[in-house]
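Residue numbers (numbering that gives the first Met the number 0), protein chains in the order written: chain A, 0 to 353; chain B, 0 to 311.
One should not assume that every hint holds.
If we take Cβ atoms under 8 Å as the criterion, some of the chain B residues that face chain A in the derived model are [claimed, not checked]:
1) 26
2) 82
3) 206
4) 208
5) 211
6) 212
7) 214
8) 215
9) 217
10) 218
11) 225
12) 231
13) 234
To be clear, the hints were calculated from the coordinates, so they are not data collected in a lab.
Everything numeric in this text was worked out from a predicted model, so none of it was measured.
In this text, a Cβ means the ideal position worked out from N, Cα and C, and glycines have one as well.
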Amino acid sequence: MTRISMRSVSKYFDGGDTVANYKLDMEVDDGEFVVFLGPSGCGKTTALRMIAGLEDPSEGEIYFDDDRVDGTPPADRNVAMVFQNYALYPHMTVRENIEYPLKVRGVPPEERDERVAQVAELLHIEDQMESDPGEISGGQRQRTSLARAIVREPSVFLLDEPLSNLDAKLRLEMRSELKRIQNELGITTVYVTHNQEEAMSMGDKIVVLNDGTIRQVADPEELYARPRTTWVAKFIGSPPMNLFEGENRDGIVRLSEDNTLPLPTETSSTTVSVGVRPEDIAVSTEPSDTDWTVPGTVKTVEPLGEYVLVNVEVGGSVVNVKVPKTDAAAGDHVHLTFDPTDAYLYDEDGELVA
Amino acid sequence: MSVGSYLEDRLDRDVDREKLTAILVFMLPGLTLFAIFSVGPMLYSAVGSLFTWDGFTIGQFAGFETWIATFQDDAIINWDNLLAFQYPMGALPQNVIWMVVHVPLSTLIGLGLALLFADLRGRSILRSMVFLAFTTPTVVIGLVLLFVYDPQAGIFNGLLRAIGLESLVRNWVQQPQIAIYALVAGGVWVQTGFSMLLYSSALAGIDPALLESARVDGAGRFRRFKDIIWPLVKPVTAVVVIMSMIWVIRIFAIVYAAGGPSGGPGGAFSVLGLEVYQAAFSVPIEYSKAMVVALIELVIALPMAWYIASMD
Chain A
0 MTRISMRSVS
10 KYFDGGDTVA
20 NYKLDMEVDD
30 GEFVVFLGPS
40 GCGKTTALRM
50 IAGLEDPSEG
60 EIYFDDDRVD
70 GTPPADRNVA
80 MVFQNYALYP
90 HMTVRENIEY
100 PLKVRGVPPE
110 ERDERVAQVA
120 ELLHIEDQME
130 SDPGEISGGQ
140 RQRTSLARAI
150 VREPSVFLLD
160 EPLSNLDAKL
170 RLEMRSELKR
180 IQNELGITTV
190 YVTHNQEEAM
200 SMGDKIVVLN
210 DGTIRQVADP
220 EELYARPRTT
230 WVAKFIGSPP
240 MNLFEGENRD
250 GIVRLSEDNT
260 LPLPTETSST
270 TVSVGVRPED
280 IAVSTEPSDT
290 DWTVPGTVKT
300 VEPLGEYVLV
310 NVEVGGSVVN
320 VKVPKTDAAA
330 GDHVHLTFDP
340 TDAYLYDEDG
350 ELVA
Chain B
0 MSVGSYLEDR
10 LDRDVDREKL
20 TAILVFMLPG
30 LTLFAIFSVG
40 PMLYSAVGSL
50 FTWDGFTIGQ
60 FAGFETWIAT
70 FQDDAIINWD
80 NLLAFQYPMG
90 ALPQNVIWMV
100 VHVPLSTLIG
110 LGLALLFADL
120 RGRSILRSMV
130 FLAFTTPTVV
140 IGLVLLFVYD
150 PQAGIFNGLL
160 RAIGLESLVR
170 NWVQQPQIAI
180 YALVAGGVWV
190 QTGFSMLLYS
200 SALAGIDPAL
210 LESARVDGAG
220 RFRRFKDIIW
230 PLVKPVTAVV
240 VIMSMIWVIR
250 IFAIVYAAGG
260 PSGGPGGAFS
270 VLGLEVYQAA
280 FSVPIEYSKA
290 MVVALIELVI
300 ALPMAWYIAS
310 MD
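Turn these sequences into a full structure, and let the hints guide you.
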């Protein structure tokens, strides 16, 4: 099938005033499900549109296998794209919508019917085939739009925030559905989202973008286990990692006048951040005898059923802690403790100290 | 169900009397105006056209005499010339020719310009320039046309000379066989601004993702137009076509300014509006004929107005 390579791809708008993407370098392997993850405005959609051919890169090269494709129109790339708002042709029925790419490519009617019937079955929309897009539900529209993308057996499948217009329940359902279809068809897929849960659950590989550049490329486990910069650390996880900033003096991190933590790993950096995930911290009203502890005051306690989210004020900033249950109440003085193996150390440039 | 029982059924239901009264009260001012200024004159003309008139004083009942005379009047329909396709053919066929030539041209040029300007820098200036003609009084347009086509000073003949087509130079509005087309061109200039404006907003209303999706699906420029844009602007096309048909049916000032009350040499580009004016205001006054011609216009325009009004 198809391997996508982006080599030093940049995209500027407004004559260079706006940088949408800067020197993107990455590979999507054949049959891989890659997710572009980032906050809105990070350039993930522009990157996708360049792969689709809807935008041309200002610099750099894009390859599908060994063919350079930047500069060729989308029609010649055999890509299929699902748009955020589905982009169903409102004047055509569901069937006509799905059939359209085949019709444009001059597939004979008998074959068209057969293939349309196949994808309709795959996506369970056989009953809506003669309806107008305006008459069907959001989920069915989503399925129609997927069917239209799949029907012509593209070599690359591009999805631009396809689930963001669905309600929470449908989103979960479509998430596994999408994953199932991609597994079944084995098409190289690039999926754009700002929702990390979607990214983590679906992606074989996640490309984290911010300010138009790639911050980290990793599989979901690694991305969670080893966020390479403080930015990624603060972006991944819900709530994200807590960072204790301080000064490194002789192996002791001074967070404030009377607050210190040991240095988890050797570094020569003087300004460092110690990162701990909310789920790795314990809350206790009793002082602990380890050095890996920070005192604070409970601001709020949010019992969420599955776990309790305790927001603790430590030296002016709020630390999120996820615990199964707690006796702490707002206003209590507490001690936050964690295991040194759960601590991450970031240097003054915000890079993870390995 | 018979009409009687249907009505009874409707009346038996609990009609909210208060609401009904309120509706009637609120509708009264509008309906009154509509009756006085629209329905009244129509009925007045319809009845008046069946009488003889002495000036503006009603005379004897004459039946369809005026109607028959009007359809035999060379100024309205010149049957011999019509069959030979020679101008003047009479105001009614000429008005129809206006429609047949003007409406498709102004619609398609308007759509073309709207498409052309859609992604252009400075499109608002270009649009304003094209739309300017529509805002200009049509009498002025008629006068401008006279200048444009003037054999000596006119810019059109000047252009012909400049590109070496000296042999074509002539006074375009005084040549019976071509004058009408010269005026239609002016009409197209006016109406194009209107259709361009409507199409521009219709195009702006199309979700760009649809066109991008079509591009990814493999549709080229032409297919995107044919399969996506054209069907989506269809409602606007209906409005544009019918509005320009109605505009053409009512056309008067351009023709009057360019050719006077007679409608050009021998009435070569006279239209129905001009004939109404002639019959009503030039001696001998033929008030009933004016009513008949006005009613002919109405009969042509009314179904179109109805269609537009009943569109979703």
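Checked hints:
1. Evaluation of the residue 26 of chain B hint against chain A yields a violated restraint, the C-beta minimum of about 33 Å exceeding 8 Å.
2. Given hint, residue 82 of chain B at the interface with chain A, is violated; its Cβ is 43 Å from that chain's nearest Cβ, farther than 8 Å.
3. Taking 8 Å as the C-beta cut-off, the interface hint given for residue 206 of chain B holds, the closest approach to chain A being about 7 Å.
4. With 8 Å as the threshold, the beta carbon of residue 208 of chain B comes within range of chain A, its nearest partner Cβ sitting at about 4 Å, so the hint holds.
5. Residue-level restraint check for residue 211 of chain B holds (minimum Cβ-Cβ distance to chain A is 5 Å; threshold 8 Å).
6. Residue-level restraint check for residue 212 of chain B holds (minimum Cβ-Cβ distance to chain A is 4 Å; threshold 8 Å).
7. The restraint placing residue 214 of chain B at the interface with chain A holds, with a minimum CB-CB distance near 5 Å, inside the 8 Å limit.
8. Below 8 Å, beta-carbon pairs count as interface contacts, and residue 215 of chain B has one with chain A at about 5 Å; its hint therefore holds.
9. Checking residue 217 of chain B against chain A: minimum C-beta separation of about 4 Å stays under 8 Å; hint holds.
10. Interface restraint check: residue 218 of chain B against chain A, minimum CB-CB distance 5 Å, threshold 8 Å, status holds.
11. The criterion of a C-beta within 8 Å of any C-beta in chain A is not met by residue 225 of chain B, whose closest approach is roughly 11 Å, and the hint is violated.
12. Hint on residue 231 of chain B holds. Least Cβ distance to chain A is approximately 6 Å, under the 8 Å limit.
13. The criterion of a C-beta within 8 Å of any C-beta in chain A is not met by residue 234 of chain B, whose closest approach is roughly 11 Å, and the hint is violated.
Hints 1, 2, 11 and 13, counting from the list given before, are not met by this structure.
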